[in-house]
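Could you put together the complete structure from these sequences and hints?
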Amino acid sequence: MNLAVFVKHVPDAAEADLRIGPDGRSVRAEDLPFQMNEWDRFALEEAARLKEATGGSLTAFLIGPGEHEDSLRRCLAVGADRAVRVWDESFPTLGPAAVARALAAAVGEERFDLYLCGAQAADDGYAVVGPTLAVLLGVPWAALVCRLELQDGRIVCDRELEAGWFERVELALPALVTVQTGINEPRYVSILGIRKARSKPLEVRGLADLGVDPDEIGRLGALTRLEALEPPPPGREAEMLEGSPAEVARKAVAVLREKGGVL
Amino acid sequence: MSVWVIAEHRNGELREVTGELVAVARALGAGPVTAVVLGGPGETEAPAAGLPAGIDRVVRVEHESLAGFNGVAVAAALERVAARERPAVVLGAHSAAGMDWASALAAGLGAPVATDVLSLHRDDGGFLAVRTVYAGKLQARVRLAQAPTVVVTLRPGATEAAAGSAEVPAETEAAEVPAEVGRRFVEWIQEAAGEVDITQADVLVSVGRGIGDPEDLDVARDLAEALGATLSCSRPVVDLGWLPKERQVGISGKTVKPKVYIALGISGAFQHVTAMKDAGLILAVNKDPKAPIFRVSHYGIVGDLFKVVPELTKAVREAKG
Amino acid sequence: MAQACSKRRKWRGFRPPSLLAFQRAKAQKRWFVGKLRDIEGVPLAERYELAACLQCGRCTGGCPVGLRSPLNSRRLLYEALIREDGEVLVEREEVWDCTACRTCADRCPRGLEPVSVIREIRTLKIEEGRIPQTVMDALESALKHGNPWGRSRRKRFAWADGLGVPTLEEGDEAPNLWFVGCTPAYDPRCQEAARALAGILRAAGYPFTTLGNEESCCGSEMLRLGELGLFEELAEANRALLDEVAPETVLTTSPHCMNALRTDYDPAVSALHFSQVLARLADEGRIPFRREVPLRVAFHDPCYLGKQNGVYEEPRAAIAAVPGVELVEFDRSRERSLCCEGGGGRMWLEGLGEGERNAQQRVRTAADMGVDAVVTACPFCLLTLEDARKTAGLEDALEIVDLAELVWRGVEDLPDPCGLETRS
Chain A
24 MNLAVFVKHV
34 PDAAEADLRI
44 GPDGRSVRAE
54 DLPFQMNEWD
64 RFALEEAARL
74 KEATGGSLTA
84 FLIGPGEHED
94 SLRRCLAVGA
104 DRAVRVWDES
114 FPTLGPAAVA
124 RALAAAVGEE
134 RFDLYLCGAQ
144 AADDGYAVVG
154 PTLAVLLGVP
164 WAALVCRLEL
174 QDGRIVCDRE
184 LEAGWFERVE
194 LALPALVTVQ
204 TGINEPRYVS
214 ILGIRKARSK
224 PLEVRGLADL
234 GVDPDEIGRL
244 GALTRLEALE
254 PPPPGREAEM
264 LEGSPAEVAR
274 KAVAVLREKG
284 GVL
Chain B
517 MSVWVIAEHR
527 NGELREVTGE
537 LVAVARALGA
547 GPVTAVVLGG
557 PGETEAPAAG
567 LPAGIDRVVR
577 VEHESLAGFN
587 GVAVAAALER
597 VAARERPAVV
607 LGAHSAAGMD
617 WASALAAGLG
627 APVATDVLSL
637 HRDDGGFLAV
647 RTVYAGKLQA
657 RVRLAQAPTV
667 VVTLRPGATE
677 AAAGSAEVPA
687 ETEAAEVPAE
697 VGRRFVEWIQ
707 EAAGEVDITQ
717 ADVLVSVGRG
727 IGDPEDLDVA
737 RDLAEALGAT
747 LSCSRPVVDL
757 GWLPKERQVG
767 ISGKTVKPKV
777 YIALGISGAF
787 QHVTAMKDAG
797 LILAVNKDPK
807 APIFRVSHYG
817 IVGDLFKVVP
827 ELTKAVREAK
837 G
Chain C
562 MAQACSKRRK
572 WRGFRPPSLL
582 AFQRAKAQKR
592 WFVGKLRDIE
602 GVPLAERYEL
612 AACLQCGRCT
622 GGCPVGLRSP
632 LNSRRLLYEA
642 LIREDGEVLV
652 EREEVWDCTA
662 CRTCADRCPR
672 GLEPVSVIRE
682 IRTLKIEEGR
692 IPQTVMDALE
702 SALKHGNPWG
712 RSRRKRFAWA
722 DGLGVPTLEE
732 GDEAPNLWFV
742 GCTPAYDPRC
752 QEAARALAGI
762 LRAAGYPFTT
772 LGNEESCCGS
782 EMLRLGELGL
792 FEELAEANRA
802 LLDEVAPETV
812 LTTSPHCMNA
822 LRTDYDPAVS
832 ALHFSQVLAR
842 LADEGRIPFR
852 REVPLRVAFH
862 DPCYLGKQNG
872 VYEEPRAAIA
882 AVPGVELVEF
892 DRSRERSLCC
902 EGGGGRMWLE
912 GLGEGERNAQ
922 QRVRTAADMG
932 VDAVVTACPF
942 CLLTLEDARK
952 TAGLEDALEI
962 VDLAELVWRG
972 VEDLPDPCGL
982 ETRS
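One line per chain: the protein sequences are A, B and C, in this order.
According to this note's numbering, the first sequence is numbered sequentially starting from 24.
According to this note's numbering, the second sequence is numbered sequentially starting from 517.
According to this note's numbering, the third sequence is numbered sequentially starting from 562.
Keep in mind that a hint or two might mislead.
Stated by the list, open to error - Derived DMTMM-like pairs: lysine to aspartate or glutamate, alpha-carbon spacing no greater than 25 Å straight-line:
no., chain 1, residue 1, chain 2, residue 2
1, B, LYS773, A, GLU262
2, B, LYS773, A, GLU260
3, B, LYS830, C, ASP698
4, B, LYS806, A, GLU53
5, B, LYS806, A, GLU239
6, B, LYS823, C, ASP722
7, B, LYS823, C, GLU689
8, C, LYS716, A, ASP136
9, B, LYS836, C, GLU956
10, C, LYS951, B, GLU529
11, C, LYS951, B, ASP718
12, B, LYS775, A, GLU262
13, A, LYS274, A, GLU260
14, C, LYS705, B, ASP729
15, A, LYS274, B, ASP820
16, B, LYS836, A, GLU281
17, C, LYS951, A, GLU270
18, C, LYS716, A, GLU250
19, B, LYS823, C, GLU947
20, B, LYS775, A, GLU281
21, B, LYS806, A, ASP54
22, B, LYS823, C, GLU911
23, B, LYS793, A, GLU239
24, B, LYS793, A, GLU38
It is worth saying that the hints were derived from the structure and are not from the lab.
Just so it is clear, the structure is predicted and the values come from calculations on it, not from any experiment.
Here's what the structure looks like:
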């Protein structure tokens, strides 16, 4: 079975004081550690397991500058045979439709049996690239897959819905799935593993190499345009309890008793 | 100009978020509101009958391929009708269903798309969507390019739902869907009932990824025991297999409304917050002062769980005598 | 990394090396490879000369977790000898119970290294990628943030807020460099000890500086968890800084950092433990003691300070210098000190063993001895003993005090300039 996995290298915003750049539209990335998008880790693990179970090949795709190659190296270490990074100077400002178009172009004439994406990205959270890519590739898809099973020439997947419900669907191959977290337990990728994977091919392509008209990408990129980033509204503005652990505990007990009606 | 609302239904029932979509469509003032109900044979009548007030027209579309609200078929069916009728906006929910069909519809139409939108505005430049990025730590204003149709999905729970009853006779429209879309609905599966029902608890002590270690659950268990509370959790704790799914508070788990909700090491992703924000009293403990959970909490403590929680447990025990 | 280090490099702009930079550095042979090698190719048995093993069981007999855990070093060595493929060994979950205290190696009559064999089995597991989630989190955090505690690098120096602790980032140069370490920097309990040490060094007029937010995890625990490559990455990041600063002395808060710098880094960095610096300062009469500290204390020798580096006298000398303190000895002290089970990456592993933990046994013994406090000089010991004190219900009977905190109590002039809580 020939598999393709699409990954994104994103800033880890947990515990970070995000600072908005001077253009008002970007986050000052130099402050942040980057990592493979959480959902993509699960997609990669699922792809690697399928490859181990069925044989065949696994190719990893990523759109991003050179610094983002760490995520592709992870893919190669986990079992991808080959990696493709696409980059163009015009990319940083592009929305998800343009990203999907560039990924489809990177796949090009190659045909895979199953394409896997993370269900969404931790940074912009659009959850758009997966189904859009499926439309561009002309294959059926299922989003938010939390279980996946291969059954002669098709896959049976469970999609995670709301409130403890799931939907079981069958997809004819070739197909695309967007993977929900928790579908598996992603393995640890060691530094030695990443170093060893350096002998595997990693291609870098520009738009011209892919035969894509930059105007088309520009037009798709402008469909959804980020105008401004701003701090979120304050919301409820929690009253912060301060002091030593013992003091805050005492204050919290008072709150639980007086406002919560317990104790 | 018109605004389409894609009615969301499952297993014969209209989902609450549809009312929110109608309210937003109405407030947009971009023309009459059409509710589109898609589904397999016999699947659209009941949901169509439950539509709220504020709708000018109801269209039912049934087809074998649309059974189970099949996202691939829904996108294909909508694409054909929308290309012909050119609604200014197609509004859906940023739900498991919306995440399946909406961006595919936009791709088919070549239309601008904004997902997980908190509020949608119309001005001289067209449509402006407000949404969150970086797990709720920042807010983004997103401009949708001028186009015959734009596709927008709204975050469930971000708007007050429209009430009342539509009382509009539904038209039916023949679906132009290929018989074979490459995806087939098999069945709905409901998670088996577990030992505890967290929705019935008055007090929930809820843990998130901040606990770091399954053994550290004991710290939260002790507090729950001292308070006579039930232990619940956020999604990552279930993903890691540290607690069963029946204890998950969140959109894909359970929606809870206890008297008191104590969030320990929960960052506050909207999928979680949506399902607990109506609790009577919310107290959050997190080491990150910028964690979004503090924006829905009534009281907050910035600090190390393993310092604060044992002290809290001790103080609770003392208070109870 | 390495080629980016001009003498005038801007500190503020420093970023930990990416994999790519690491590869470049390696290609230019600015890299140290040292004792670590790719473990595939040569069987464990050959590299560790396991054929010499007498199966006498002295290793197992001395193992501090041997009584409670399924970990049996004698048997593991035997299996490593007869099974060349390592397949059986890699299934062994109990290798995560090892605290890497090195008692087994010290006791072996043939000079073999069971502790290293166990570490290599861990490496096999790491390379397969199937490891406990808590270990995975610690390793990934160390790579991403430069500390195993999942905390932002930008907050590494937050423990010293308002204390005026010098850092090279701020251009504060000094002949002595204090390598603070991750646990003292981030753990709230250990931060108290770090703040006390800062207070003492300043009060003693000891000129020092720190790496501030630029310091990375020393890699000690990463190496002992079996993540060799990650250890190398971290070591290189620190070495680049140390080479540039070229301090006269490197002192560490943690014996684990000291041990890593001294024995794992290649070439070695001649680091001192802070107890050694305090002993010298006390001997020279430079610590301005102002107060009596009327406590009867027992000193718990950290494995990485005592057994592994032979530092037994200095912490005792520093304790003895504090006016009013009476030092008594555990029966199991110095070379026979009971491991607290905090080393070898065990801070991120609960262990399979059932029953009373060593740290609990330790605090109960101390309580029976009638001491007021157990003094130690290692952040891991401090945390495991603090936990044990609570578990054993001895919170009112016994204090766990870091050596720096004890000395500081004799120095501090109220009101407390370091915000250090004085516990009673």
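Checking against the hints above, which ones are violated?
3, 5, 7, 8, 10, 11, 18 and 23
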